[in-house]
Amino acid sequence: MYAQMVKTDADRVKTLDEMAPQERAFQERIDRNEKIEPKEWMPEAYRTTLIRQIGQHAHSEIVGQLPEGNWITRAPTLERKAILLAKVQDEAGHGLYLYCAAETLGVSRDELLEKLHSGKMKYSSIFNYPTLTWADMGAVGWLVDGAAIMNQVPLQRTSYGPYSRAMVRICKEESFHQRQGYDIMMKMCAGTADQKAMAQDALNRFWYPSLMMFGPSDADSVHSAQSLAWKIKVDTNDELRQKFVDQTVPQAKYLGLTIPDAELKWNEEKGGYDFSQPDWDEFFDVIAGNGPCNKERLGARVKAWDDGAWYRDGLTAHAQKAATRRTTAKIAAE
Amino acid sequence: MAQGDTTIDRTALFEFLTRMGDNSLILGHRVSEWCGLSPVLEEDIALANVALDLIGQTQLWLGLAGEVEGKGRTADNLAYLRDAGAFRNLLLVERPNGDFGQTLVRQFLFDAWHFEMLTALKKSTDARVAEIAAKAVKEVAYHLERSSDLIIRLGDGTDESRARMQAALDDQWSYTGEMFLADDADRAVAAAGIAPAPDTLRAAWEKVVKSVLSEATLTIPDGSYAHKGGKRGVHTEHLGFILAQMQFLQRAYPGTTW
Ligand SMILES: [Fe+2]
Ligand SMILES: [Fe+2]
Ligand SMILES: [Fe+2]
Chain A
1 MYAQMVKTDA DRVKTLDEMA PQERAFQERI DRNEKIEPKE WMPEAYRTTL IRQIGQHAHS
61 EIVGQLPEGN WITRAPTLER KAILLAKVQD EAGHGLYLYC AAETLGVSRD ELLEKLHSGK
121 MKYSSIFNYP TLTWADMGAV GWLVDGAAIM NQVPLQRTSY GPYSRAMVRI CKEESFHQRQ
181 GYDIMMKMCA GTADQKAMAQ DALNRFWYPS LMMFGPSDAD SVHSAQSLAW KIKVDTNDEL
241 RQKFVDQTVP QAKYLGLTIP DAELKWNEEK GGYDFSQPDW DEFFDVIAGN GPCNKERLGA
301 RVKAWDDGAW YRDGLTAHAQ KAATRRTTAK IAAE
Chain B
335 MAQGDTTIDR TALFEFLTRM GDNSLILGHR VSEWCGLSPV LEEDIALANV ALDLIGQTQL
395 WLGLAGEVEG KGRTADNLAY LRDAGAFRNL LLVERPNGDF GQTLVRQFLF DAWHFEMLTA
455 LKKSTDARVA EIAAKAVKEV AYHLERSSDL IIRLGDGTDE SRARMQAALD DQWSYTGEMF
515 LADDADRAVA AAGIAPAPDT LRAAWEKVVK SVLSEATLTI PDGSYAHKGG KRGVHTEHLG
575 FILAQMQFLQ RAYPGTTW
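Residue numbers (the working numbering), protein chains in the order written: chain A, 1 to 334; chain B, 335 to 592.
Keep in mind that the hints were calculated from the coordinates and are not lab data.
Ideal Cβ positions, reconstructed from N, Cα and C, are used throughout, including at glycine.
Do not rely on the hints blindly, as some may be mistaken.
Stated by the list, open to error - Once the Cα atoms are required to be at most 35 Å apart in a straight line, the calculated DSBU-like pairs of lysine-lysine come out as:
no., chain 1, residue 1, chain 2, residue 2
1, A, Lys172, A, Lys120
2, A, Lys330, B, Lys469
3, B, Lys541, B, Lys469
4, A, Lys265, A, Lys115
5, B, Lys541, A, Lys196
6, A, Lys321, B, Lys456
7, A, Lys187, B, Lys472
8, A, Lys187, B, Lys541
9, A, Lys321, B, Lys405
10, A, Lys330, B, Lys405
11, A, Lys172, B, Lys541
What the hints assert, rightly or not - Distance ranges between label pairs, derived from CB positions:
no., chain 1, residue 1, chain 2, residue 2, range
12, B, Thr591, A, Asp279, 51 to 57 Å
13, A, Val302, B, Thr551, 28 to 34 Å
14, B, Leu415, A, Ala262, 40 to 46 Å
15, A, Ala219, B, Asn431, 48 to 54 Å
16, A, Lys321, B, Glu540, 25 to 31 Å
17, A, Lys321, B, His572, 31 to 37 Å
18, B, Thr591, A, Lys321, 18 to 24 Å
19, A, Ala190, B, Glu549, 54 to 60 Å
20, B, Ala497, A, Ala329, 36 to 42 Å
21, A, Asp279, B, Asp417, 42 to 48 Å
22, A, Asp279, B, Ala497, 50 to 56 Å
23, B, Asp505, A, Ala329, 53 to 59 Å
24, B, Val568, A, Arg169, 46 to 52 Å
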């Protein structure tokens, strides 16, 4: 999940009877699966929670360019280079759709970026892990985009109209992302011993961080309960994680790779796999800024933004000059 | 229409095709270095687009080069298994990215030439060349439109943006002359009607460059000195590092399929 642990400002979820008439009408619309549109009334907490969630998602898309961008200049063939470029370009596009969706809630892209750069807003923990070999391009597409799809497909039905529509566009592209990743893995697993070892190593390193993408168990979380009630979250973190494991294990088998979990086994009763939890201490360390690449990733984004200030200022100044010239010409003509 | 490789010696045609392919390969590589690091999200997207176009064109030019050569080398073989001395790109395109202004000026100076070159190649006597050019010129028309527009806006922007654009122009100008220099291979393909003689593109290139730079309130540098060597495989120090990165996997794991 690209938005992990979004706070809602709720201390508990109100019942319909406890709500003021306006809020109650709002909740009833959501319960009827109606979409909420930008100009319509919404509780302030709904708005701020959505801004946090969409913002975190958008930041994840743009920071997410970096681990894969890391291998574009080293892609092993012209075709792989082109595919990876197209994939990373899509991620930038996803960032753009999502910042636009957030803007409809009254927050500008620049404000959100400022919060990312100052560390007030987060992006997904997964992008703080390094991409060390070409097989990581396979593992990222297969597992990371795979986990993202798991989360984003249900979000197509989310209650906020612009967010839901952004998700529809994004999901169309995500399946290509996952396929290109899996395709890299297939090539490597059918290749030389070196390639297969690289593929297994990539799976070993990305497996638990991918499971962390869904966030810690939120069965008892008030924030999640509130988000579920508002339908800006559709499944619990544990449900999504289970689905992801159940989908991924057979794919790993098909590749001839071993999931790095000795406890992994099919549970007939629940109709899903039992599996080990990731190391949640590690997760909280990464969230707190101590992952292997936090400094590089955020540092790269901040540097890009700061180095680009003159470019953005230049374009703004030109637009102002051009507007003044048009006005002057108009006055002269009159 | 005569098929190029029956009327002209294959070495000259191969030489010409690798020049086209290597220009787009190396510039595409440079542009792709910006991934995720440009000044605004829209630029990340636009740059990826330009890089994608250039890599696509590389596949076509180098693919044809391998065919013409007739030794069974593919576009990938040519891209990933030649050493720097066998690369035929202009020195301009291997120049480091520098700040975003340097990248834009390099792109603009190249786009203006690339567009004229491809426009002329649409009329090539070699149908395969004409076909690639017809496809590529549509993409490059857009590259030129975009780089011209940004040069104008940033030249005529703030004092700082103008100063940066002017510095970039002063820096790169001496790498443009190489575009118009001819050697035996150029003369051979021109004589066969496969490609224009390089110097015939200069007037049109200058016209575009002058008009854009003047609207951008930038000054064309005086110097007429032209750095050269790329077209015959004598490169700057930068190309070796580009190749070290680009070719790493193919070199470290020879004969592997990816
Ligand atoms: Fe995405
Ligand atoms: Fe993604
Ligand atoms: Fe993706």
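Hint-by-hint comparison with the structure:
no. : hint                            : verdict
1   : A/Lys172 x A/Lys120             : holds, 31 Å
2   : A/Lys330 x B/Lys469             : violated, 42 Å
3   : B/Lys541 x B/Lys469             : holds, 24 Å
4   : A/Lys265 x A/Lys115             : violated, 42 Å
5   : B/Lys541 x A/Lys196             : violated, 55 Å
6   : A/Lys321 x B/Lys456             : violated, 39 Å
7   : A/Lys187 x B/Lys472             : holds, 34 Å
8   : A/Lys187 x B/Lys541             : violated, 50 Å
9   : A/Lys321 x B/Lys405             : violated, 58 Å
10  : A/Lys330 x B/Lys405             : violated, 65 Å
11  : A/Lys172 x B/Lys541             : violated, 44 Å
12  : B/Thr591 x A/Asp279: 51 to 57 Å : violated, 36 Å
13  : A/Val302 x B/Thr551: 28 to 34 Å : holds, 31 Å
14  : B/Leu415 x A/Ala262: 40 to 46 Å : holds, 43 Å
15  : A/Ala219 x B/Asn431: 48 to 54 Å : holds, 49 Å
16  : A/Lys321 x B/Glu540: 25 to 31 Å : holds, 27 Å
17  : A/Lys321 x B/His572: 31 to 37 Å : holds, 36 Å
18  : B/Thr591 x A/Lys321: 18 to 24 Å : violated, 55 Å
19  : A/Ala190 x B/Glu549: 54 to 60 Å : holds, 55 Å
20  : B/Ala497 x A/Ala329: 36 to 42 Å : violated, 28 Å
21  : A/Asp279 x B/Asp417: 42 to 48 Å : holds, 46 Å
22  : A/Asp279 x B/Ala497: 50 to 56 Å : holds, 51 Å
23  : B/Asp505 x A/Ala329: 53 to 59 Å : violated, 35 Å
24  : B/Val568 x A/Arg169: 46 to 52 Å : holds, 48 Å
The structure shown violates the earlier hints numbered 2, 4, 5, 6, 8, 9, 10, 11, 12, 18, 20 and 23.
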